[in-house]
Amino acid sequence: MSKTPYIHKMAAHCESGAVTSLLNNQGLSITEPQVFGISSGIFFGYFHKMKAFTFPTFIVRNKPGQMRKKVASRLGIRFHTEKFSSPEAGEKRLDELIAQGIPVAVQVDFFYMDYLPEWERVHINVHFIVIVGKEGTKYLVSDGYFPNLVNLEASSLRKARFAGGSMSPKGFLFYPEHIPNDIRYEKAIIKGIRQACFYMLKIPIPFLGVKGIRKMAKRIPDWPKYARDTEHLSHEIMKINVLLEDQGTGGAGFRFMYATFLQQAAGILKMPELTELSKQMMLIGDKWRELSLFAARIGKNRDLGPERLKELSALLMQRADDEERFFKELSRTIKNKK
Amino acid sequence: MTNPITPELKLEIKLLIMETLSITGIDPNNIDEEEPLFGGTNALTLDSVDGLEIIMAIQRKYEVRIGDQNLARNIIRSINSIAEFITEEKEKSKS
Chain A
1 MSKTPYIHKM AAHCESGAVT SLLNNQGLSI TEPQVFGISS GIFFGYFHKM
51 KAFTFPTFIV RNKPGQMRKK VASRLGIRFH TEKFSSPEAG EKRLDELIAQ
101 GIPVAVQVDF FYMDYLPEWE RVHINVHFIV IVGKEGTKYL VSDGYFPNLV
151 NLEASSLRKA RFAGGSMSPK GFLFYPEHIP NDIRYEKAII KGIRQACFYM
201 LKIPIPFLGV KGIRKMAKRI PDWPKYARDT EHLSHEIMKI NVLLEDQGTG
251 GAGFRFMYAT FLQQAAGILK MPELTELSKQ MMLIGDKWRE LSLFAARIGK
301 NRDLGPERLK ELSALLMQRA DDEERFFKEL SRTIKNKK
Chain B
1001 MTNPITPELK LEIKLLIMET LSITGIDPNN IDEEEPLFGG TNALTLDSVD
1051 GLEIIMAIQR KYEVRIGDQN LARNIIRSIN SIAEFITEEK EKSKS
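Protein sequences, first through last, are from chains A and B.
Take the first sequence: its position 321, counted from the start at 1, is 321 in this note's numbering, and no numbers get skipped.
This note's numbering runs 1000 ahead of the 1-based position in the second sequence.
Treat the hints as calculated values from the structure; they're not laboratory data.
Do not take every clue at face value.
DSS-like cross-link-like pairs, simulated, lysine-lysine; straight-line CA separation at most 27 Å [unchecked claim]:
(1) A:K159 - A:K138
(2) A:K300 - B:K1092
(3) A:K270 - B:K1092
(4) A:K279 - B:K1010
(5) A:K328 - A:K338
(6) A:K279 - A:K300
(7) B:K1092 - A:K9
(8) B:K1061 - B:K1090
(9) A:K63 - A:K335
(10) A:K49 - A:K218
(11) A:K70 - A:K138
(12) A:K335 - A:K191
(13) A:K69 - A:K300
(14) A:K218 - A:K270
(15) A:K287 - A:K63
(16) A:K134 - B:K1094
(17) A:K279 - A:K225
(18) B:K1061 - A:K300
(19) A:K328 - A:K187
(20) B:K1090 - A:K279
(21) A:K63 - A:K159
(22) A:K270 - A:K63
(23) A:K191 - A:K49
(24) A:K191 - A:K69
(25) A:K187 - A:K69
(26) B:K1090 - A:K287
(27) B:K1090 - A:K9
(28) A:K202 - A:K338
(29) B:K1061 - B:K1094
(30) A:K279 - B:K1061
(31) A:K279 - A:K335
(32) A:K287 - B:K1092
(33) A:K83 - A:K138
The model shown is predicted, which means the values in this text are computed figures rather than measured ones.
Build the full structure now, drawing on both the sequences and the hints.
This is how it looks when you write it as structure tokens:
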């Protein structure tokens, strides 16, 4: 294994950042927006009533794990993955890999990343970091949310890798096992774009894609019925801002990152039309950010009467219309591209 | 060579923040330029919603884009870091 020092970079999102970081450090030239775009990361899903959630919520990206899996299948990369039934076995295996000089991505509960300020840390079981070394009881960590390599106590990492609750990591780890010498990005990019268009426009599930944005727009005036009190409603409305801006989305619910992907795809595919679409996606991102700020403001000011929620609903409906137009045009643009 | 960050720019940023967030009763001279604006002991302390408002105000006033929120968090850490970012962006747009 190479003894070259690990090159750390900040990332917009933890999973795309960890995948990009591992691949870059193995010598593959790929950017985080390309990982995001090739894996059809852009998405929307609204969950009004589901057992897993105590309150209506939404997502703006594909399922955790999909970015790694799709990038692997579309570029011919093979990742080795493992889960563990006990913390001891998980720690032992991680230490073996580190001792062999293999940087390893691990799934963790974000809360235990104690190098980050306390006010930033919440319990989320799907944060990804890369472990690049160990000295004594401290691991050397590359976390895309932190500006430089950082140390983390083994006891904290153990808690983080084996935290309980929803989507518990169970010590999950991965690292690239095989990267082809000659990677053709063109086909992978086209596949990534096609599937993103399908997810946003045609997936036959009424709460996913553009249909999901419309569903959320229609149902948001009902949210007060599900809230315990104004404080709870305010918290849930402000969470719209958190989910769009504050949870490793690259800003505006991943829309800025997708715009950057299209800009880079325009160069790789030699399709200047995608540059124009990239600009359109940036503007769509700006509008999501305005919506995000509106939600944050009314939540913070407890200004949550029916009129305000109708305004929020109208903003969401506009975002659905924008995205429907956008993805139809994107779909047309790449229709005959092979 | 990068232009030095001017005291005028720092004052302008302080006033922009105060105007954006409708903050009155603070003397801009009392806002520490290096001290964090979030979770610290500065005369001006902000929360994440304020942060988003400030990002959008900076984007509008200086015609720059701050897309990545991890980058944004570093930029709006203090008055100095905002001033540094704006100065660098102005330099980039000239070249």
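Checked hints:
1. A:K159 - A:K138: OK: K159 of chain A and K138 of chain A at ~14 Å, within 27 Å.
2. A:K300 - B:K1092: Judged against 27 Å, a Cα distance of about 36 Å means the pair is violated.
3. A:K270 - B:K1092: holds, 26 Å
4. A:K279 - B:K1010: With Cα atoms ~31 Å apart, K279 of chain A and K1010 of chain B exceed 27 Å; violated.
5. A:K328 - A:K338: Status holds; Cα separation ~18 Å.
6. A:K279 - A:K300: violated, 31 Å
7. B:K1092 - A:K9: holds, 22 Å
8. B:K1061 - B:K1090: holds, 12 Å
9. A:K63 - A:K335: Answer holds: K63 of chain A to K335 of chain A is near 26 Å, not above 27 Å.
10. A:K49 - A:K218: holds, 14 Å
11. A:K70 - A:K138: violated, 33 Å
12. A:K335 - A:K191: holds, 11 Å
13. A:K69 - A:K300: The given pair, whose Cα atoms are some 39 Å apart, is violated under the 27 Å limit.
14. A:K218 - A:K270: violated, 40 Å
15. A:K287 - A:K63: holds, 24 Å
16. A:K134 - B:K1094: Violated - the C-alpha atoms of K1094 of chain B and K134 of chain A are around 45 Å apart, more than 27 Å.
17. A:K279 - A:K225: violated, 39 Å
18. B:K1061 - A:K300: OK: K1061 of chain B and K300 of chain A at ~24 Å, within 27 Å.
19. A:K328 - A:K187: holds, 20 Å
20. B:K1090 - A:K279: holds, 21 Å
21. A:K63 - A:K159: Answer holds: K63 of chain A to K159 of chain A is near 23 Å, not above 27 Å.
22. A:K270 - A:K63: Given that 27 Å is the threshold and the Cα spacing comes to 30 Å, the pair is violated.
23. A:K191 - A:K49: Violated. K191 of chain A to K49 of chain A sits at ~32 Å, over the 27 Å cutoff.
24. A:K191 - A:K69: holds, 14 Å
25. A:K187 - A:K69: holds, 16 Å
26. B:K1090 - A:K287: holds, 25 Å
27. B:K1090 - A:K9: Holds, at roughly 24 Å.
28. A:K202 - A:K338: With a Cα-Cα distance of about 20 Å, the restraint between K202 of chain A and K338 of chain A holds, given a limit of 27 Å.
29. B:K1061 - B:K1094: holds, 17 Å
30. A:K279 - B:K1061: Holds - the C-alpha atoms of K1061 of chain B and K279 of chain A are around 20 Å apart, at most 27 Å.
31. A:K279 - A:K335: Roughly 20 Å separates the two Cα atoms, so the pair holds.
32. A:K287 - B:K1092: Status holds; Cα separation ~26 Å.
33. A:K83 - A:K138: Answer holds: K83 of chain A to K138 of chain A is near 22 Å, not above 27 Å.
In the structure shown, a violation is registered for the earlier hints numbered 2, 4, 6, 11, 13, 14, 16, 17, 22, 23, in ascending order.
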